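Can you build the whole structure from these sequences, using the hints too?
Below, each chain spelled out in residue letters.
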Amino acid sequence: MTLTARRYVVVVLVAAAAWLVVAAAALTIGPVNIFGVGGAVQRQMLDGRIGEVVTASLVGAALAVSGAAFQALLRNPLADPYILGVSGGASLGVILGTLVLPPAWLYLRLPLGGTVSLPGVCGFLMALAVIAVVYLIAQRRGRLDPYRLILTGVVASAFFSAAIMLAVALAGDRLRNELIFWLMGGLGSPRDQRGELAVAAVVVMAGLAVFVWQARGFNLLAFGEDVAASLGLDVQRHRRTAFVVASLLAGISVSLAGPIGFVGLIVPHLVRMAFGSDHRLLVPLSVFGGAVFLTVAHRLVLLVPYEVGGGLPVGIVTAMCGVPFFVLLLVCGRGIRGGVL
Amino acid sequence: MTTTPAGPMLRVDRVSFSYGPGRFELHDVSLEVARGELVGLLGPNGSGKSTLIKLVMRLLEGGSGRIVVDGRDALRQRRREYARQVAYLPQESRAAFAFTAMEAVLMGRSPHMGALGFETEDDRARARSALDCVDAGRFADTMLDELSGGERQRVMLARALVQESPLLVLDEPASFLDIRHQYELYELLRRLAHEQGKACLCVGHDVNVAAALCDRLVLLKEGRVEVAGGPREVVTAESIRRVYGIEAEVWTGSAGQPVVQPVVRPAGAMASPGSASSSDGERPI
Amino acid sequence: MSVHGLPLCGRAALSAAWAAVVALAATGCTEERALSPRPPAERTVVSLVPSATEILFALGAGDRVVGRSIYCRYPPRALMLPAYGSYTDVRVEELLAVHPDLVIFNTSKADSYGRLTAAGIRCIAPPTDTVQQVYETIEVLGAEVGAADRASALADGLRERLEAVRRRTASLPRVRTLMVFPSVLGEGNQVSVIGRGTFVSELLDAAGGENVVEAEGYPRVHFEKVSQWPIEAILISAPGDIAPGLTDEQYREPWMRWPTIPAVASGRVVVLREAYLTIPGPRMADAAELLERTLHGEAAAGTSTSWGSSGKMPLPLMGRMPMPRYGPQTSVCPAAAGDAGGGAL
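Chains as they are written, first to last, in the working numbering: chain A, 1 to 341; chain B, 342 to 626; chain C, 627 to 971.
The set of hints was computed from the structure by calculation and includes no laboratory data. Remember, it's a predicted structure, so these values are computed and weren't measured experimentally. Idealized CB from N, CA, C, for every residue including glycine. Any given hint could turn out to be false.
[Stated by the list, open to error] Sample of chain A residues at the chain B side, in silico, Cβ under 7 angstroms: (1) 2; (2) 213; (3) 222; (4) 232.
Rendered as structure tokens:
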């Protein structure tokens, strides 16, 4: 089924509405029955839950759309937001920031309310630096080649893995447990993150807008760079922009919530299986799909009582739920590759 | 569709290109393609055919000389503008993701649309007629990777057609097709040229197919134009020996087209290009 | 996850291979060593457990402790000993070269435990999960190093002091208390709490508190859940030697978002910097008294504070090693938000 303006509007609006419903429902789900508590407590809880749902939605959306973009950019269905080492860099930045910064600086109060976590800022700055370095190594006379990009990224990832291991090994006993939890993809914060979330939201929205703009270019690139260029696409500019923006989104989500796996790989594939490969639809649906996916996964984690081993990092759940679901779709999904909806 | 019929649609004017110092890929190549004309570009591997096509398509940068499309310098145009002038069909198109034939064809409309635009009913109608034109209308809702190579290549040709450019550039479009589909593809190109007035430049690897169906041929050797002209002038035993370095007999086919038949020697006897003028009159079967 | 997968596999394979080599080498010398064991009073000891290290020093056997773990930082003299690894990652080869008469482990399941035992070195792992076990461990270690009398005296002294604490708080209202380990990076919107069945929970009980956590061990609990508990005091155990330590205010900040928790409303969110709070050793009476003071105020604690068996205030010995601070530095929020004694590190 080909895309018409009407179908586009309808599907995207339905997806947005679905996200709103899930987000609203998520506010009522948590470790405690929110309807069974008093007014003041309810307000506190709601406050905390709004923060959690917003974080999950932002991070899920950023990861999913970044994954979709990397898959299109590298023409590789196995690509995910972490493929080019940006997330490794961001993780290392967060960990080094935690280990090295003077303790009193780790959390700064913002004048408008909320705190900002400087390790998170370090992570984001590190992501920027990695983007620059990977680009400089991968480019040749300003041209980005997917294979060089993947090779560079794999090398960068390997380096950062090693550096992260070193940093974790050197960390103190208790902090090491925390770092490992974080590396498995923790989500949410006991601190007031309003300031950080606002900044992240602006960056993520801007990134999403860029991809909505670039979506048709991704379609053309699926047929190779020569065909895309012959159809009027400035391939190099498109690749540069997509690379930088997708990496930024990956970097900011890692800085915000740790390296949560599988969202960026699975959500775009699920959307493709249901709605086809047209990136004009894939981009916005990955946004909402990622937001819904991570929000739901996070709520599921919170429902596990702490007495029976609750308090897991959400990254474990995204992997454990995501992978079987994905396999099921691969096995049963031959007939719906083109999109059923 | 052509507003200024005067002058060739494509003019390649003394184009040279090199990948590195001393490694000339193309040397002073000039050729023209007129409206309503199907021109075949032939030559052995490494003769520079693909390089020339990539230069025409602006997929390679650098080199010297001029490429003029419809009177305007190719390099002076913006990409989108250029895409409305020239359509391109590569040897093989594999999509990284699953698209339907219709979706793929509609991508050919993108030079005519804004970044955020959607295909209109009009675009869809054009795509359908392009699919019909290449006899692929029934594949509209089929996934590309479920089509055979020949079917897919026809769909891709429909995508190039729907671009509605006066110039069509094809890079060995038939090399993965069986003989029937090769002929069908060339016949289709010929019809497009003669009936719709398109200018077609087609790199071929099969001399016989190209000689049978192209209006003119250009034979490249080591980055230079060796011969150019009508099929009968270009395809001779002499030029085949010079360009390909093999002995061949050239017959005249039933439609008046030249037919090349390489000389088959008995096993063990290696032919050296200079010593072999052994037309003993026996027609090899 | 991929970060840890490979090296762990590699390490496991290596250590398995090494264990085999060691076991082979050991068969030759085991008997010889076993024939001439040194008398307990001359045995050399490597202690890989902070509490055991403290006990050995308190028993006067400090001069025969020839090695420690990286976590053993008390008494200050211990810091001058060579460290032979952490609980799980022990430098077996170096220990074999030193060949002490006794190595004290945290757990007998450690793979280095088996390798050292195979090499003829006596290894023990006395449990210290409850107060009773701490007394027993003191006696066991006393017997091992030939200081059984001093061990009995030490255990009795601790028993008496703990009893005294218990007596003083018996008549006081129990303070429902939550003890937590602080998080630096954040573990989601959650907090690691100290549950029942732990040594610290027992001390809390003695000090007139009541642990609000019903689960055992050290579970991780969502703040929402915690906000439902009737907590009168929150104690954040943040010894200065975990790097990096936040400021008291930063540790308290997450709790300030839950003003309906009674402890938060009344400002009883206390950051305790004392490392000995969670070390089941000779300073556990100090820990109980510290908890008593924190929960019931200075007036309730009858005796004046005593500073552990060494009787001296430790001095930082190594510039790089963050030292725990000792002394009455519990600061209560918000009254003492200035952090007179509880500054970072």
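Here is what the structure says about each hint:
no., hint, result
1, 2, "holds, 5 angstroms"
2, 213, "holds, 6 angstroms"
3, 222, "holds, 5 angstroms"
4, 232, "holds, 3 angstroms"
In this structure, every one of the numbered hints holds.
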